[in-house]
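Visitor: Dock chain B against chain A, hints included.
Residue numbers (the numbering used here), protein chains in the order written: chain A, 1 to 212; chain B, 1001 to 1197.
None of these hints come from the bench; they were simulated from the model.
As the structure is a computational prediction, the values presented were derived from the model and not from experiment.
Ideal placement from N, C-alpha and C gives every residue a C-beta, glycine not left out.
Just so you know, not all the hints are guaranteed correct.
Said to hold, decoys possible - Going by beta-carbon spacing under 8 Å, a handful of chain B positions derived as facing chain A:
(1) Asp1009
(2) Leu1032
(3) Asp1043
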Amino acid sequence: MSAETAAPAHEETPTRPDAAREATVPTAGVPLGVPAVAGVAVVLCLALVAAGVVLLREVLVDRVVAGRVLVPGEPWLAPAAEEATGVVQGTLTVGVGAVSALVGLLLLVLAVRRRPRLGTAWRPADAELPLWVSGAGVAAVAADAALAADPVETSRARARRRRVDVDVSVDPRDGHGRSAVETDVRERVEQALRGLATQPRVRVHVHGAVAR
Amino acid sequence: MSRGALALDRVAVALLGLVLLVGGGLLAVWGLGRLPGTVDEIDLGVLRGLPAHPWWPWAVGVAGAVAVLAGLRALFAHTVRPRVRDVTFAAAGDGTDDARRPGGRLQADLPAVADAAAEVLSQAPGVHGCQGRAVPGRDGAVVDLRARVAAETDPAALHRAVQAVADGLARTLPPGTASLRVSLDVRRGRYEAPRVR
Chain A
1 MSAETAAPAH EETPTRPDAA REATVPTAGV PLGVPAVAGV AVVLCLALVA
51 AGVVLLREVL VDRVVAGRVL VPGEPWLAPA AEEATGVVQG TLTVGVGAVS
101 ALVGLLLLVL AVRRRPRLGT AWRPADAELP LWVSGAGVAA VAADAALAAD
151 PVETSRARAR RRRVDVDVSV DPRDGHGRSA VETDVRERVE QALRGLATQP
201 RVRVHVHGAV AR
Chain B
1001 MSRGALALDR VAVALLGLVL LVGGGLLAVW GLGRLPGTVD EIDLGVLRGL
1051 PAHPWWPWAV GVAGAVAVLA GLRALFAHTV RPRVRDVTFA AAGDGTDDAR
1101 RPGGRLQADL PAVADAAAEV LSQAPGVHGC QGRAVPGRDG AVVDLRARVA
1151 AETDPAALHR AVQAVADGLA RTLPPGTASL RVSLDVRRGR YEAPRVR
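So here's chain A without its partners, still in its complex pose:
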């Protein structure tokens, strides 16, 4: 990026110019994923193509062009139409109707559902511009923060919507007290995750500690 625009009028100190004077780029919203309705639409497109192929086959089957049969076999639709009788009341009809109605309801629900959010906003410095981080990212930060605690040898974390579960292990021969390790790890993880839009509850589980 070139910095060839006119510079701001005055800067008293060599540090960052006053943020209020310098407009910054607005932040775009949360990253959104692909909703389920798109998958349904793709399936419908495939079904449409398949139906079209069947129809085309119906026309091309058993036709002789330039002395060769294009599509071998028998037509499917014409005999089926010839044998059409009727639809009667009964269990089969009710079943088909009920299943269709349920499928239709499901499709309606999927059609209006919002796109899934792909991350949580993280503002580590309490600033305006968020960094978008996924659940796996939150877990990685939490596990890494837990590892920084002195007695901790290994750490693993899983992040859910409002909770982060951290599993750490300490050397059993050293006889560390469980609650001390728990508190230490919890504080480190909470500190590392400060600035998340939804501050999660941190649960720590220590392996190899003495119950104290």
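Guide: Frame of chain A, contents of chain B only:
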């Protein structure tokens, strides 16, 4: 897929869902014999004579071709990723003179701007790589950066680097051209790191 394609998807699926819901419901109720004022049996005998008509092959053939082409076209619409190419904005005078130059238009090559921003961010400490794209967003174009970051990176330093990129964009692009979105892909160095004593 583009926002227009998604809107079409929603409408098409909703319509089909409505037809299935209402049609299926009516069929089920009729099947139980509870739908008053209707026949006891739906006669499909009208279908029997259809294949014999001279227009049958034409109708089926055209319908089949249309179905295949429309289906393929719709399928392709789902594979395209929407991209913003150039963003046009009216050129006001530069910062030093207030006179607006009427009729002057500038084009910003937004993908190039996004690439450059990604390049800058990838130099920041703790950032192992960064990809930039220019995509359409809810209120205009978005410079979308995706950075691979080490888990132990200092969040404050990372945020300073991102803010510097944002400030750079604010200097490069006129206000209202694009917004910024930075997503992090956080990786741990080792999954479980045994401490060496």
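Visitor: So, as I understand it, the hint says Asp1043 of chain B touches chain A; can you test that by seeing if any CB pair is closer than 8 Å?
Guide: holds, 5 Å
Visitor: Can we keep the Asp1009 of chain B interface hint, with Cβ of chain A closer than 8 Å?
Guide: Because about 4 Å separates Asp1009 of chain B from the closest Cβ in chain A, which is inside the 8 Å limit, the hint holds.
Visitor: Does Leu1032 of chain B pass the interface hint, meaning its C-beta sits closer than 8 Å to a C-beta of chain A?
Guide: holds, 6 Å
In summary, this structure violates none of the numbered hints.
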